[in-house]
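K.L.:
Residue numbers (numbering that gives the first Met the number 0), protein chains in the order written: chain A, 0 to 334; chain B, 0 to 229.
Treat the hints as calculated values from the structure; they're not laboratory data.
Treat the hints with care, since some could be wrong.
[What the hints assert, rightly or not] Derived list of chain B stretches under chain A, where covered just means 3 residues or more per stretch with a C-beta under 8 angstroms from a C-beta of chain A:
id: 1; region: 3-9
id: 2; region: 104-113
id: 3; region: 144-150
[Stated by the list, open to error] Straight-line C-alpha distance at most 27 angstroms; calculated DSSO-like pairs for lysine-lysine:
id: 4; chain 1: A; residue 1: 191; chain 2: A; residue 2: 238
id: 5; chain 1: A; residue 1: 136; chain 2: B; residue 2: 221
id: 6; chain 1: A; residue 1: 96; chain 2: A; residue 2: 136
id: 7; chain 1: B; residue 1: 221; chain 2: A; residue 2: 135
id: 8; chain 1: A; residue 1: 15; chain 2: B; residue 2: 221
id: 9; chain 1: A; residue 1: 238; chain 2: A; residue 2: 300
id: 10; chain 1: A; residue 1: 96; chain 2: B; residue 2: 221
Cβ atoms here follow ideal geometry from the backbone N, Cα and C, with glycine treated the same way.
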Amino acid sequence: MIEFQNVHKTYRVAGKDIPALHPTSLRVENGQVFGLIGHSGAGKSTLLRLINRLEEPSGGQITVDGEEVTALDANGLRRFRQQVGMIFQHFNLLASKTVADNVALPLTLAGELSRKDINLRVAELLARVGLSDHAKKYPAQLSGGQKQRVGIARALATKPKILLCDEATSALDPQTTASVLQLLAEINRELKLTIVLITHEMDVIRRVCDQVAVMDAGVIVEQGSVADVFLHPQHPTTKRFVQEAEQVDEGEQRDDFAHVPGRIVRLTFQGDATYAPLLGTVARETGVDYSILAGRIDRIKDIPYGQLTLAVTGGDMEAAFARFTAADVHMEVLR
Amino acid sequence: MDLFLNFFADIDWSEIWLATGDTMTMLFGSLFFTVVLGLPLGVLLFLTSPRQLFEQKGLYAFLSLVVNMLRSLPFIILLIVMLPLTKLITGIYMDEATTLGVAGAIPPLVIGATPFFARLVETALREVDRGIIEATQSMGASTRQIITSALLPEARPGIFAAITVTAITLVSYTAMAGVVGAGGLGDLAIRFGYQRFQDNVMVVTVVMLMILVQILQTVGDKLVVHFSRK
């Protein structure tokens, strides 16, 4: 478990104190994929680097599994960092070393395994990320996605408990992003690894995270399970991120629906409810008519969800709304 | 053709080869010590410079000042200024205060080239992506490990380029050392080519120096390409 208690960070630039992270308390459970989303400059990168003290906190307490990270001396910190893997937006692989030597680096630095054991471990890691055939290549000969896979293999070399991902997919194309995220989800599942990732794309959060915290100007403005935050965003920043991901503009939509008759409601289905034939049943039973104005059916990590915007006319509207609410569907009346 | 051959007829080739050998001795002798001293100095300059691992404003300013002072001295002046010190280091007994010999040329060559080389090393290290340092830190590496396992291997192409440039600079320095009787091709060019008006000796020494520089640059470039991995 990663725990922040009133952790804050202030940079001193040209004689002025610039707060990067206001006092923040935070808890990440073991085995979770925890996402931090925010625009650049929101402080998410600072928060991530505080966990392994690549950034020194200006105050507050950070503990990981009961060990107080903020109290560690230089040697203790080095040992702690060996249990925390990290991957980066620009991969940060050593151009002068082969793929295999890059993956071996954390192990040679730790100096606990023999050369033979290191080679075995490297082969095992490269097999896991699907790069066994590329061991002798240099990073410059690989594609972006392959480089990030090497980064992941390297981060996993010392069998860490935690993996920190610093915008790990931001430099990759959508298809490659999907495959790298899939690999991260797989690792989280199979190795029970806690993952903390930062991103500026809600889609990344939707695909792999369990919990999400939304950051704005050095403050966590909203936090909760991904489904809650994604489907019912509260804070304006969160709403903006969700709209960006869904490519809808609420203002535009309101104008488009202005001439549509009847009441407008938004229904959100989650889990099994997504596939139940609810709309047809309710329409038959209550005599309402509906037309679908907008909608999407997708998944949040492993949970299917659907969100439909309907214009409802005629029939017993109140009864229909009651039926929706009773059927474990979240309903918002927009008009 | 005859005219061409006659021009070179009275050259004492054994003298030329001897001088070439002396130049090589001075060059590689001083290059060795320059690298041995300049590499750690360059690393120290880099580490203590602003916003680096061992930021030390005072130490950096001091090292920087010393390096700049030595670099601002024309080499020919350094040679003469250093004569007493050179005598002390090499133990060479000098009747005439201006005659150094081959071994005697090495200390001023090293002092002249080390600050130059150290600056080039500092620049080469600066070219290494900061992300590499951060990644190595995140693995729990000590500062020493960061230098030996990440910084130096990553900067290797730049360091080989720096050695090449330094070697070529040293070639011209060795020629200057000829002025104070250090031997080598420069010495030959000055004593025979200039003072005795033997144009042919001058031409041969110049050509020899040119060939030497060509070889150094070619080998250096090959090493840089080999270690670039890009």
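K.L.:
Check each numbered hint against the structure and report the violated ones by number, ascending.
P.N.:
1, 2, 4 and 8
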